[in-house]
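Number of protein chains: 2
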Amino acid sequence: MTYAFDADTMSSRVSDNHWQFNMVSDWSIGTNPNGGYLLACLLRAMATLVPDTLAPVAVTTHYLRPGLAGKPADLHVNVVRLGRRTATVTGTMEQEGKPRITCTATFGHLESDTDNNTSSTKRNLAIAPPDLPSPQECISRLELVQGVDLPIMSRLDIRVDPRYAGSGVRDEAVITGWLKFSDDRPTDILALPLFCDSFPPSVFTLYGPIGWVPTIELSIHIRRRPHPGWIKGAFTTNDLTGDLFIEDGMLWDENDQLVAQSRQLQMILTKT
Amino acid sequence: MTYAFDADTMSSRVSDNHWQFNMVSDWSIGTNPNGGYLLACLLRAMATLVPDTLAPVAVTTHYLRPGLAGKPADLHVNVVRLGRRTATVTGTMEQEGKPRITCTATFGHLESDTDNNTSSTKRNLAIAPPDLPSPQECISRLELVQGVDLPIMSRLDIRVDPRYAGSGVRDEAVITGWLKFSDDRPTDILALPLFCDSFPPSVFTLYGPIGWVPTIELSIHIRRRPHPGWIKGAFTTNDLTGDLFIEDGMLWDENDQLVAQSRQLQMILTKT
Numbered sequence: 001m002t003y004a005f006d007a008d009t010m011s012s013r014v015s016d017n018h019w020q021f022n023m024v025s026d027w028s029i030g031t032n033p034n035g036g037y038l039l040a041c042l043l044r045a046m047a048t049l050v051p052d053t054l055a056p057v058a059v060t061t062h063y064l065r066p067g068l069a070g071k072p073a074d075l076h077v078n079v080v081r082l083g084r085r086t087a088t089v090t091g092t093m094e095q096e097g098k099p100r101i102t103c104t105a106t107f108g109h110l111e112s113d114t115d116n117n118t119s120s121t122k123r124n125l126a127i128a129p130p131d132l133p134s135p136q137e138c139i140s141r142l143e144l145v146q147g148v149d150l151p152i153m154s155r156l157d158i159r160v161d162p163r164y165a166g167s168g169v170r171d172e173a174v175i176t177g178w179l180k181f182s183d184d185r186p187t188d189i190l191a192l193p194l195f196c197d198s199f200p201p202s203v204f205t206l207y208g209p210i211g212w213v214p215t216i217e218l219s220i221h222i223r224r225r226p227h228p229g230w231i232k233g234a235f236t237t238n239d240l241t242g243d244l245f246i247e248d249g250m251l252w253d254e255n256d257q258l259v260a261q262s263r264q265l266q267m268i269l270t271k272t
Numbered sequence: 273m274t275y276a277f278d279a280d281t282m283s284s285r286v287s288d289n290h291w292q293f294n295m296v297s298d299w300s301i302g303t304n305p306n307g308g309y310l311l312a313c314l315l316r317a318m319a320t321l322v323p324d325t326l327a328p329v330a331v332t333t334h335y336l337r338p339g340l341a342g343k344p345a346d347l348h349v350n351v352v353r354l355g356r357r358t359a360t361v362t363g364t365m366e367q368e369g370k371p372r373i374t375c376t377a378t379f380g381h382l383e384s385d386t387d388n389n390t391s392s393t394k395r396n397l398a399i400a401p402p403d404l405p406s407p408q409e410c411i412s413r414l415e416l417v418q419g420v421d422l423p424i425m426s427r428l429d430i431r432v433d434p435r436y437a438g439s440g441v442r443d444e445a446v447i448t449g450w451l452k453f454s455d456d457r458p459t460d461i462l463a464l465p466l467f468c469d470s471f472p473p474s475v476f477t478l479y480g481p482i483g484w485v486p487t488i489e490l491s492i493h494i495r496r497r498p499h500p501g502w503i504k505g506a507f508t509t510n511d512l513t514g515d516l517f518i519e520d521g522m523l524w525d526e527n528d529q530l531v532a533q534s535r536q537l538q539m540i541l542t543k544t
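Chains A and B, in that order, are what the protein sequence lines are. Residues 1 to 272 (my numbering) are what the first sequence spells out, left to right. Residues 273 to 544 (my numbering) are what the second sequence spells out, left to right.
Everything labelled a hint here was simulated from the structure, so no lab data went into it. Possibly wrong hints are sitting among the right ones.
[Claimed, not checked] Calculated Cβ distances over 12 angstroms to all of chain A for the following chain B residues: (1) S287; (2) D421; (3) S426; (4) L478.
[Claimed, not checked] Here are the in silico distance ranges between beta carbons for each label pair: (5) A:L142 / B:D288: 46 to 54 angstroms; (6) B:N396 / A:V169: 13 to 21 angstroms; (7) A:T48 / B:S412: 29 to 37 angstroms; (8) B:P402 / A:G168: 55 to 63 angstroms; (9) B:G355 / A:P228: 37 to 45 angstroms; (10) A:D183 / B:S297: 51 to 59 angstroms; (11) B:P323 / A:R13: 37 to 45 angstroms.
[Unchecked claim] Computed from the model, here is a short list of chain B residues facing chain A with C-beta under 8 angstroms: (12) H334; (13) L340; (14) I399; (15) V446; (16) S491.
Glycine included, every Cβ here is placed at the ideal spot set by N, Cα and C.
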């Protein structure tokens, strides 16, 4: 069986540095393909250029134009530096001759991969997850009023903590909850960039649905290799000025390991 | 009068997309030029490609190899997209034919630039600075034992909060303090990427000087246009596993405005 995420993010090799795929509409928010889906497709092609033993530890992506669902896309990927400890790769996704997103990723060794390695410092600092009701006690993102169709909810099972499940219901911009693939595809490193960009915007909890909030830039740090099940997410906005705000996110696996941190710069585009 | 920072970060135009400068040793930590100095040189050349009304709101930089002080450097800069609200530019710094750092920056409008603009949402969230003793009550970075020469201290005046001024003195990886240019060059947007990378590593406060901690990747978000005087900084490490840790930083101006946020992925290279 091929899981939907693999079928929809896998591209065809034109050359080592050029890949192509068809962007499907199944991962969209409204008519716009989710930015995490675009990144997963691009990062998958970028990862073909580095050894399998390395994980993408720092992934920085700038969003230039919305993706076009139903259209083919070209992925151009290049090694910037291939070292012993780390490798850096750039990638750009184009559709209709125009760049849509551009990404630089540095790959390195995660601790679980180097546990028996003398390079490990044996010093650790970790951030604990928030207390959450069970997934069964949380509310599906499908049941939230968001003023937009959510095709992505056919692919992802997103459950929001009831305390944050509403618009303008809190005096802080926070959202927490659970997510996994609807078809129970195991959560792995490649799923995490998508999962960093799949919850409703945390500003909606404070202000209500204030407009479209496209991502300008998304930085993701993969910190530990995830257990394959449910992921816990917590997203917060503490810094909003003018049209620009920062949303910080953290993902933990079922064993309460912090597996990824994310930071997005987003823009508020008020409907006019 | 030309301030040292301007003299040392200004490059010569070969073409719109190619600039050259000589990397000086005055901004080094030990024998390695500071990563924020490298970034300031590159970002200065990248900014020539976008209108002056735009500020670098999201700057993501991957560090590939140390810079070589005393050697010439080539800066290759390219516009990825020039839009009405934002512009995205990439840049790479090379020395001796090898890339040293690669950066993507998205430029946009800061709130202070759009105050009279209808696009402003008039919603704001801000993070307050920590309580700090005055600069006069803080301790110069020069007086800290760090096991390395600090040429950069001839250029920067860095004052560390006495509570964090030591190695292994706290049970948390935090450092706070003040900084400005030694020659009183006014603090501006271009200074902030350097200032995000100038304090002693916060992990030293917890663990002592555990080795060289090179930056793998540095993301900077410029949030507000700074007042020209002292900058308050606060840097924290909460997530360390294996050889890799994340340091989060915030900078405020004298008016307690949050002017920049930073996040670095750093590696611990234990001396062997």
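Consistency of the hints with the structure:
Distance check for S287 (chain B) against chain A: the nearest CB is about 22 angstroms away, which clears 12 angstroms, and the non-interface claim stands. The Cβ of D421 (chain B) lies farther than 12 angstroms from every Cβ of chain A, with a closest approach of about 25 angstroms, so its non-interface assignment holds. With a closest Cβ-Cβ approach of about 31 angstroms to chain A, S426 (chain B) is found to remain outside the 12 angstroms limit, as its non-interface label requires. The claim that L478 (chain B) is not at the interface with chain A is violated, since a C-beta of that chain comes within 12 angstroms of its own (minimum 8 angstroms).
For the pair L142 (chain A) and D288 (chain B), the beta carbons lie near 50 angstroms from each other, so the given range of 46 to 54 angstroms is met. A hinted range of 13 to 21 angstroms for the beta carbons of N396 (chain B) and V169 (chain A) is consistent with their spacing of about 20 angstroms. Our hint of 29 to 37 angstroms for T48 (chain A) and S412 (chain B) is violated, since their Cβ atoms are close to 50 angstroms apart. A C-beta distance of roughly 30 angstroms is found between P402 (chain B) and G168 (chain A), which places it outside the suggested range of 55 to 63 angstroms.
Against the hinted window of 37 to 45 angstroms, the Cβ-Cβ separation of G355 (chain B) and P228 (chain A) comes to about 40 angstroms, which satisfies the hint. At roughly 57 angstroms, the beta-carbon separation of D183 (chain A) and S297 (chain B) lies within the given 51 to 59 angstroms, and the hint holds. Against the hinted window of 37 to 45 angstroms, the Cβ-Cβ separation of P323 (chain B) and R13 (chain A) comes to about 40 angstroms, which satisfies the hint. Checking H334 (chain B) against chain A by beta carbon gives a least distance of about 5 angstroms; that is within 8 angstroms, so the hint holds.
Of the supplied interface hints, the one on L340 (chain B) is violated, with its beta-carbon coming no nearer than about 16 angstroms to a beta-carbon of chain A, more than 8 angstroms. With a cut of 8 angstroms, the hint placing I399 (chain B) at the interface with chain A holds, because the nearest CB-to-CB distance is about 5 angstroms. Nearest Cβ of chain A to the Cβ of V446 (chain B): about 11 angstroms, over the 8 angstroms cut. The hint is violated. Proximity of S491 (chain B) to chain A holds as hinted, the smallest CB-CB distance being about 4 angstroms (cut-off 8 angstroms).
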